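Engineer: Construct the complete structure from the given sequences, taking the supplied hints into account.
There are 2 protein chains.
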Amino acid sequence: MSAPEITIRLPDWLLARHDEILSSTYASNDARMALAIELALENIKHATGGPFGAAVFDQKSGQPIAVGVNLVPSTGQSCLHGEVVALAMAHAALGQRDLSDPRLQLATSAEPCTMCLGAIHWAGIRSILIGAHDDDVRAIGFDEGHKPNDWRAAFGRAGIEVIEGVRRAEAAAVLQAYRADGGEIYNAQQAKR
Amino acid sequence: MSAPEITIRLPDWLLARHDEILSSTYASNDARMALAIELALENIKHATGGPFGAAVFDQKSGQPIAVGVNLVPSTGQSCLHGEVVALAMAHAALGQRDLSDPRLQLATSAEPCTMCLGAIHWAGIRSILIGAHDDDVRAIGFDEGHKPNDWRAAFGRAGIEVIEGVRRAEAAAVLQAYRADGGEIYNAQQAKR
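Chains A and B are the protein sequences, given in the same order. First residue of the first sequence: 1, per the numbering used here; consecutive thereafter. First residue of the second sequence: 194, per the numbering used here; consecutive thereafter.
Everything labelled a hint here was simulated from the structure, so no lab data went into it. Incorrect hints may appear among the rest.
[As the list claims (entries may be wrong)] Calculated cross-link-like contacts (lysine-lysine; reagent style DSBU-like; alpha-carbon spacing at most 35 Å):
no. : chain 1 : residue 1 : chain 2 : residue 2
1   : A       : 60        : B       : 340
2   : A       : 60        : A       : 147
3   : A       : 147       : A       : 45
4   : A       : 45        : A       : 60
5   : A       : 147       : B       : 340
6   : B       : 340       : B       : 238
7   : A       : 147       : B       : 253
8   : B       : 238       : B       : 253
9   : B       : 340       : B       : 253
As the structure is a prediction and not an experimental result, all values here were calculated from the model.
Structural biologist: Structural data, given as structure tokens:
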């Protein structure tokens, strides 16, 4: 009955490539999104989680500070979305809770859910790049829950830049591939159905 | 440059009491909230995090499955709110991602922020007990960010029971004590101010 310890760890395939990725340069929004999508795709291929990838970049150098992938199905931890993992890794890598340095940008292969919008708020990240649209995520069966309709305006007021639809078709194709491959659509509240 | 591993661990004072707490019975909503508030208060006293405590209970037995406290200031991990920690511990303790068994209930010493509302959605918890109101949290200076105004209605539609204002004055007093004691109000986006 002693308390569990929960370790958030990147999958082996990503650890094997971690140094290579973090020493590479991703100069454009397009290049940064390509990495987030590649992480999502590799995460499916290796069956290490849901079809979502994310990375935190230093916009000045173009280098990633941290990368993350969805770990929900592999860990049973429902909050380990790609964005949460990437932000957690960025906090640890930089040794700081506040990621509001304007050089930092989060790229995510799909539009954040409500939880991840909140995580972005608390981390303080001031620029986000989004690939697939919320509709693309819901299209494969994920119940994204209730989201504030006006989250974009609220982020705007808070000074958080939102750049959407970067490589959307490619990002949506990864979601479709996950479903076609029989990937787990780990919705909440399945027990009551 | 190798990837960090992030371990979520309860503070020593809580580990020391963990078995005692988990083998106790909290039969009423009032008793469950008293535990969440006590955890918040002890977390301040031991300077191990923000003024927030939470626990997941088996409503049938009245025993806690898992407990959590806010770990943000002590870990630099912005997502480690009390609710997130308690839910993560519950996933680990039960070995399951889906917490939608109607016996399970989350008690939290203060109204969940947007991130935690999302975390509750994904965990699938179907009953939540809330102590302090969102206004009480904002009153001590926390920027809770943008929250859907109609989250209660959305939770209702999703079949999530929300019981509010349990021991609210006592829960709010813990928040006030944290501020009076000079506790860190770890808002997002401090760098830009």
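Engineer: Now, for every hint given, state plainly whether the structure supports it.
Structural biologist: Now for the hints, and whether the structure bears them out:
1. 60(A) x 340(B): holds (32 Å)
2. 60(A) x 147(A): holds (32 Å)
3. 147(A) x 45(A): The hint holds at about 30 Å.
4. 45(A) x 60(A): holds (31 Å)
5. 147(A) x 340(B): With a Cα-Cα distance of about 9 Å, the restraint between residue 147(A) and residue 340(B) holds, given a limit of 35 Å.
6. 340(B) x 238(B): holds (30 Å)
7. 147(A) x 253(B): Between residue 147(A) and residue 253(B) the Cα gap is close to 32 Å, so the pair holds against 35 Å.
8. 238(B) x 253(B): Between residue 238(B) and residue 253(B) the Cα gap is close to 31 Å, so the pair holds against 35 Å.
9. 340(B) x 253(B): holds (32 Å)
Figure legend: structure checked against the earlier numbered hints; every hint is met.
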